[in-house]
Each structure stands twice: as C-alpha cells, then as structure tokens.
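Chemist: These are the residues of each chain, in order.
There are 2 protein chains.
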Amino acid sequence: MDFKPVKNVKFVEGGVCAAKGFRANGIQCGLAHKPLTDTDAANDAANNALPKKKNDLALIVADTECTAAAVYTTNKVKGAPILVTKEHLKNGKARAVIVNSVNANTCNADGVEKANMMCELAAKELGIAPEDVIVASTGVIGQVLPIEPIANGMKSLAEGLTYDGNPRALEAIMTTDTRKKEIAVQFEMGGKTCTMGGMLKGSGMIHPNMATTLTFITTDAAISEELVQRALSDVVKVTLNRASVDGDTSTNDMVCVMASGSAGNKPVTKEDEEFEKFQNALYAIMMNLARMMARDGEGATKLIECAVTGAETEKIAETVAKSVICSSLFKAAMFGEDANWGRILCAVGYADADFDINKVDVKIGSEKGVIDVCKNGAGVDFSEDKAKEILGEEVIEIIISIGAGPGSAVAWGCDLTYDYVKINGDYRS
Amino acid sequence: MDFKPVKNVKFVEGGVCAAKGFRANGIQCGLAHKPLTDTDAANDAANNALPKKKNDLALIVADTECTAAAVYTTNKVKGAPILVTKEHLKNGKARAVIVNSVNANTCNADGVEKANMMCELAAKELGIAPEDVIVASTGVIGQVLPIEPIANGMKSLAEGLTYDGNPRALEAIMTTDTRKKEIAVQFEMGGKTCTMGGMLKGSGMIHPNMATTLTFITTDAAISEELVQRALSDVVKVTLNRASVDGDTSTNDMVCVMASGSAGNKPVTKEDEEFEKFQNALYAIMMNLARMMARDGEGATKLIECAVTGAETEKIAETVAKSVICSSLFKAAMFGEDANWGRILCAVGYADADFDINKVDVKIGSEKGVIDVCKNGAGVDFSEDKAKEILGEEVIEIIISIGAGPGSAVAWGCDLTYDYVKINGDYRS
Numbered sequence: 001m002d003f004k005p006v007k008n009v010k011f012v013e014g015g016v017c018a019a020k021g022f023r024a025n026g027i028q029c030g031l032a033h034k035p036l037t038d039t040d041a042a043n044d045a046a047n048n049a050l051p052k053k054k055n056d057l058a059l060i061v062a063d064t065e066c067t068a069a070a071v072y073t074t075n076k077v078k079g080a081p082i083l084v085t086k087e088h089l090k091n092g093k094a095r096a097v098i099v100n101s102v103n104a105n106t107c108n109a110d111g112v113e114k115a116n117m118m119c120e121l122a123a124k125e126l127g128i129a130p131e132d133v134i135v136a137s138t139g140v141i142g143q144v145l146p147i148e149p150i151a152n153g154m155k156s157l158a159e160g161l162t163y164d165g166n167p168r169a170l171e172a173i174m175t176t177d178t179r180k181k182e183i184a185v186q187f188e189m190g191g192k193t194c195t196m197g198g199m200l201k202g203s204g205m206i207h208p209n210m211a212t213t214l215t216f217i218t219t220d221a222a223i224s225e226e227l228v229q230r231a232l233s234d235v236v237k238v239t240l241n242r243a244s245v246d247g248d249t250s251t252n253d254m255v256c257v258m259a260s261g262s263a264g265n266k267p268v269t270k271e272d273e274e275f276e277k278f279q280n281a282l283y284a285i286m287m288n289l290a291r292m293m294a295r296d297g298e299g300a301t302k303l304i305e306c307a308v309t310g311a312e313t314e315k316i317a318e319t320v321a322k323s324v325i326c327s328s329l330f331k332a333a334m335f336g337e338d339a340n341w342g343r344i345l346c347a348v349g350y351a352d353a354d355f356d357i358n359k360v361d362v363k364i365g366s367e368k369g370v371i372d373v374c375k376n377g378a379g380v381d382f383s384e385d386k387a388k389e390i391l392g393e394e395v396i397e398i399i400i401s402i403g404a405g406p407g408s409a410v411a412w413g414c415d416l417t418y419d420y421v422k423i424n425g426d427y428r429s
Numbered sequence: 001m002d003f004k005p006v007k008n009v010k011f012v013e014g015g016v017c018a019a020k021g022f023r024a025n026g027i028q029c030g031l032a033h034k035p036l037t038d039t040d041a042a043n044d045a046a047n048n049a050l051p052k053k054k055n056d057l058a059l060i061v062a063d064t065e066c067t068a069a070a071v072y073t074t075n076k077v078k079g080a081p082i083l084v085t086k087e088h089l090k091n092g093k094a095r096a097v098i099v100n101s102v103n104a105n106t107c108n109a110d111g112v113e114k115a116n117m118m119c120e121l122a123a124k125e126l127g128i129a130p131e132d133v134i135v136a137s138t139g140v141i142g143q144v145l146p147i148e149p150i151a152n153g154m155k156s157l158a159e160g161l162t163y164d165g166n167p168r169a170l171e172a173i174m175t176t177d178t179r180k181k182e183i184a185v186q187f188e189m190g191g192k193t194c195t196m197g198g199m200l201k202g203s204g205m206i207h208p209n210m211a212t213t214l215t216f217i218t219t220d221a222a223i224s225e226e227l228v229q230r231a232l233s234d235v236v237k238v239t240l241n242r243a244s245v246d247g248d249t250s251t252n253d254m255v256c257v258m259a260s261g262s263a264g265n266k267p268v269t270k271e272d273e274e275f276e277k278f279q280n281a282l283y284a285i286m287m288n289l290a291r292m293m294a295r296d297g298e299g300a301t302k303l304i305e306c307a308v309t310g311a312e313t314e315k316i317a318e319t320v321a322k323s324v325i326c327s328s329l330f331k332a333a334m335f336g337e338d339a340n341w342g343r344i345l346c347a348v349g350y351a352d353a354d355f356d357i358n359k360v361d362v363k364i365g366s367e368k369g370v371i372d373v374c375k376n377g378a379g380v381d382f383s384e385d386k387a388k389e390i391l392g393e394e395v396i397e398i399i400i401s402i403g404a405g406p407g408s409a410v411a412w413g414c415d416l417t418y419d420y421v422k423i424n425g426d427y428r429s
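Respectively, the protein sequence lines represent chains A and B.
Residue numbers for the first sequence follow my numbering, so the first one is 1 and each next one is one higher.
Residue numbers for the second sequence follow my numbering, so the first one is 1 and each next one is one higher.
Calculated directly from the structure, the hints in this document are not laboratory data.
Any given hint could be a false lead.
Below 20 angstroms or equal to it, Euclidean Cα-Cα: the simulated EDC-like pairs (lysine to aspartate or glutamate) are [to be verified]: (1) A:K86 x A:E226; (2) B:K388 x B:D356; (3) A:K422 x B:D419; (4) B:K422 x A:E337; (5) B:K277 x B:E225; (6) A:K315 x B:D352; (7) A:K375 x B:E225.
Model the full structure from these sequences, guided by the hints.
Modeler: What follows is the structure, given as structure tokens:
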C-alpha cells in the first residue's frame, strides 16, 4: 500500500530518526510474561509472525531540548505513564521518550511510581532531567510492571542510541502489529528544508489486549510550545481520531510530537502561513499513519476509506463516515467482498446526525474503478461482476454524498475477519 | 437456556396464539431469490441448519378488534412497511398482522405501494379493513418485492389460520435465527386470568443482511390505546433497546402489541396498579425475548448479561452496561473464555458518562459461581482456574458496581465468534 500524497511535502526514508539530531534505540530487556524459548522463535519464524522474542523497550533522544506536545486517550481509565507524561509536558518541553511494550502499567497501585522510575532511569543514563522524559507503556493492563528488566537494560539501551536506530525502536513498540508503520517527510519552512518523521503502533498486544495506539513524531522544525500543541490537537481530530479498528478506545493511547528547531527556520509563534506548512506536514504524517494503522487492524485484509461530502457541516460528515467504518455488518461484508450497499445505507441511516436520507448517494471504488450503487437513498442497477472486481483490491473507497452543504470528512477502517476473532479470543498467556 | 423468572407471572406454553382469540399461520409462498431445490433441503438437513426451503409469509389475526401499539427503528432509512404500519396504527386499533421474510421491501421506489397491497390482500381475505392490518417485512434491502407470490398465497394462508398456528408463523419470520424465540405468560388483572404471548426474530437474513428484529405480541387483556402504547414504549427501553448483537440498528425493526380484551378484565385506562400488572407481564415477555435474541446473536455461543448498579442515575448505568456488551474486544474475550477484566474496565472507562473510575468494582459470574476481578478500579488476585470454570457456561454475568448512587440497569449481548464473520461475510446470493 502506497503513501497517500499530500501537496507540498515529499516522502523520504526513515521514521523518528529522519529529522536532524534524533537518535533512537530498541532492545529486548525481557518484559515477557514467561521466558521465551528458541522453539517460540522458530515457530514464529515458521508462521511468518512477528517474533515474540523481540525488542520491548525503546528510547528516542533529541540532541537539544525540544518543544513538545501530546494528546491522550479520553478513556477514564488512564495508564499511569499518561499521568506522568502529562505532568512532564506541562512546560511544553522534552528531550527523550522512554517506552515499553508487553505491560501497559495500568490499573496497578504502584503505576505512577513505576512510570516515574522509568523516567528517572532514562534521565540518569542520558544526563538530563526526569521531567524532560516522555514515558509510555503498552500491553496487558492490571499486571504489576517489573522494573528490574528496565533498570538492567537502560545502560545498553542508551549506549546503543544511533541516528539510524529507528527500526530497533519501532520493533520495541510493536505488539500484534504485522506491519512496520513509520513514515518521514520533507517540507520547506521559512526558506529551510525541514524534516518530520514518525512511528506508530496499533493495534493489540502479543498477549492481545488493547487496541492501543502509541505514536511518536519528531521534527527539526522550530515551533513554539503553544503552537506545536495546537497543530497536534487539530490534526489528530482529522486523522487518528477518524480511524477505527474495533471501536474500542484504549487506556494507554498517546500521540506526541517533539520539535527540536535544528532545521534553523524562524520559530513559528503564530497561526500564519508557516504554521500552516507545519500543520500540513503533520497531517501528511498522521493521515498516512492512520491509514497504515487501519490497514493493519487486527486480522484485517483491507483498508476501507470512507469519504463523505455534501454534508451541512464537517461534523455531520465525520459522524456519517465513522458510522460506516464502524459497522460490524458492513465490515464483514467487505471481508466477503460483497457489494452489499444496503449495509452502508443502513449505517448512514443510524448515524446520529441530521440530514435527508433521500438525498444520499453511495459509490464504491478502488484502483479498479468506481461504480454507483445507490442514488437518492435507493438502489441503482450495477454490475455485480464489476463490483466484485473493485472489492477484490486492498484499498476500498466508499464515497458518500449527502447533498446538503459543503461539509466533508474521511474516516479509515478495515474489514472484520476470522482472524480478528482469533487474535482477540485467545487466552492472555 | 431457561426463561428468567419475573414476579407475579407464570410461564405457559405457546407464543402469539397463547392468548384467547388469536389465530396464526405461516406458509412458504416462494419469496426466495432463486428456486430452492431438494438438494438445498438435503444440505440444510445435513448441516442441521434452518431449511432455506421454509415458510416466508405469516398472518396473525384476532377474533375481535384490538387496541394496538408499536415502536419502530430510529434509523433514518425506514422500510416501507414501517411507514404503512405507522399510518394504520394512528387510531390505536388493529385486527391482523401480515409479515414476510426474505425481502425487506426497503429502499425501493414502489415500497409503500407494495406494503399497502399486502394489507389489502390480507384484509380482503379476512373481511376486514386494510387500515386494521399491521404490515412488516424483513430481508434483503433494495430489491423490489415481488407481490405475486404473496397474492397467490394469501388465500391458503388465511384458510390455514388456527388457534395453535404460532409455530408456522414463527418459522415464517425466522431468517438466520438458529433458535425459535417465543414465549407466553399468564397473570392476574382485575380478578381475571390474562394471557400474553410473543414471538421475535433476530438476527440476520438467510442471505444475511440486517440484524433485524421483528417482535409480535398478543394478549387478551383489556387496555386502552393510549396505555398499551405507553406500556410498550416504557418496556422496550429496558429490554430490547438494551440488547445488542453487533451495534447495527436495522431499517426494519418493529415491535407491536395487540390487546383484544377477551380476558374480560376491566379495561386499563389509567396508570394504576392494573397498568403496572400489564407492564410487568410485558416486561417478562420482552426481557426474555431480548435475552433469547442476544443468545441467538449471529454466531454467538454465549449470552452475556451485564448488570450495573450504584450509578448516579439509571441512564448512566445503562450507558455503562451497553458500552461493555458492545465492546468487540470484550466480546471476543468472552468467546475465548478469557477473564480479561481489563477489557471490561476499558469499556467502562470509555462509556460516555460521568463517574469516578476509581470506585468501580467488577465481578464475573455464572451458574458456577461469582468472583471479584477488579476493586476500586484496580485488579485483584483471582483464581484463573475458577474464572475458566465460570466462563465455560452458556450464560455469563458481568456485575459492575459504580459506587455513586441508586441507578441500575441490565444490558444483554453475546460473544463475538468466527461464525459471526462467516455468516456476515458471505455473499448475498
């Protein structure tokens, strides 16, 4: 699946190390619930699965202090690392990210203490302040996080930091992910070439639990604390917040951005054209990560992109697009490559928004073409053969027009497959 | 799975014919999309599946005019039969129900015309007014309903009406249903013994499409038009509206009640004790039908009953209970019989309601016992063996206490299985 182009940005190689002055590393410190054997590794290799014996602890470090911002899950159950990161980002500054997989450090009495210890261990090794460390965890919730493997591994983790260490860090945050999700772009700001890169994990755990998303983005562009937060808060609304694998909002979701300013552009301090360029680059990164996440949804075989236009407001368009990509019936039909437009219209119809269903048109499309399946709320004749050909592709577009105004929105989802049930029905250990 | 007892009502045999003076019948008029062969029938028998070659048209008739009420889907896409039934029930009176499966008569230009024709055909055969007929359809949407099979079959359908015809009518409304869902109760009102019975279809289609629910309830109790509607509108909120198989709201959902008054009780005309008795009986019927529907959810192997207590309001309790039974991650865990309480707490946490997550307790239970898995928002030690034993049962209870007030609610759902995906991923024809 290719990246989706965005104007004024160029895709380049890499991820969180693409921007100038960011080092990363990932190691296997040994957080697995039970010792992994060589047999496990051989089985994983034979099944072409992500090895269980894999990195589980990552560090990302900027050469200089960064302005930084984050957005967090809206779940009332919040992982301890989120509480600590929120505190550390109050001043809008950060230098490093420490993150582990396997254990979410959530719903444990000593969670905050452990999250603070992770920051302190990293800070000590790097010679920076613990308050400059962002901490994140993903994995099983409600199991006490063993700090020893992290403490024991921190020295080698820090010593192994390199300017091309992003693949090792990426492996450390992956869980049931079957694809590596990283991206980098270059763009011009204030006459300087800036670079921005990011990596994302989603969704699930090796011992599957949460549809957790963690996203880390780094850039060498210069931007104020206030505006990096504003850019992130705006862009997340139209990217990751419009992607759904199964409608479950995890307890540990976090997206953070660190901006070092090493590119030498005049720092963005107001919502001007330069800010728009920054936001555009962030959109290119996060929109493509959202697509990759949906495509790699647990058990998914297809990315579903639902574009709604002609709504009275953007909010209505968003509500309708999300309603479609969240419908289990529709998602199962996509897995079956069944042009069952009735399910699309049904999901449009129960979306909690005000519009005239009798003005709704629906098209389905892919690289193989686009066909009308519904006009003015009623079915139209179409070739089932052509529909089958279109739905055989990996990226499917559902194009809905509401005929009421200028509002539009895109949402991303995936099909619902046997493997989703298999992955999530398995026992925790 | 047994009926769940309700005070002051006694379960009796039967369904829509249990109350005095109600006849029913069901026939195969031939609405199937393609001719069914004896090979199909043999295959169905071999697979222990509901035969595709089955009844597809049903009629329920009261000997005398009834007060009647209905509630309908909130989907903006409404099947044509719903529009016609709404019109016919404006005066709160009805004598008969005509209903077909296979084709939903929805999103067709001639839908209302066809629904009216169904009423006229039935009325003519029964010698009653078309306005006294309730009409319903369930099946594939967006395909023109062929009226000929219905017209041709109406005479024999009416001629075959009997006071014990409920099994034939029930078969006619079933689609992917694997269990027959009917129930009847007796209760005292004004010194008379009244009977109430009902049948429900849900969920899916032989050519699977909508998670459609149709429910028909008959009683010989006497109650005014206004109060039968009030009773139904109240009871549906705490029964069928708290059951979810997959979160999709169909276009053709309808629940209707017909009350003939043949039991001879003094008609209920105000919200007194007698009204409460009527409502209690209706609750016993609809609560048990809701449980049966959830248990028979597409591909389900278990009924999940989530009871929330201690909420500030009933609304909050309902929101939390529904959030849990709708979580795909939780549902897949139940299929895997995995006591993954983190997923329960996660779904509690993202419920759109205000409460303190740190006061939430969670228990899981079944006929094999009840165990605590979470107290004050954090995990507690429990025996995985005991949990496995509890979750091995067919009916699973999730008991959540919020610790904030008197509000409580129960919601019903089912596990998410391979078969759900299989049933709904299949091609329409």
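Chemist: Each hint: holds or not?
Modeler: Quick rundown of the hints versus the structure:
Distance hint between K86 of chain A and E226 of chain A is fulfilled; the C-alpha atoms sit about 15 angstroms from each other, no more than 20 angstroms. Proposed proximity of K388 of chain B and D356 of chain B is contradicted: the alpha carbons are some 29 angstroms apart, above 20 angstroms. Between K422 of chain A and D419 of chain B, the direct Cα distance comes to roughly 11 angstroms. Compliance with the 20 angstroms bound is thereby established for this hinted pair. Proposed proximity of K422 of chain B and E337 of chain A is supported: the alpha carbons are some 12 angstroms apart, at most 20 angstroms.
With a C-alpha separation of about 16 angstroms, the suggested pairing of K277 of chain B with E225 of chain B holds against the 20 angstroms cut-off. Restraint check for K315 of chain A and D352 of chain B: the C-alpha separation of about 18 angstroms stays at or below 20 angstroms, so the hint holds. Taking the CA atoms of K375 of chain A and E225 of chain B, the gap is near 39 angstroms; set against the 20 angstroms cutoff, the hint is violated.
In this structure, the earlier hints numbered 2 and 7 are contradicted, and the remaining ones agree with it.
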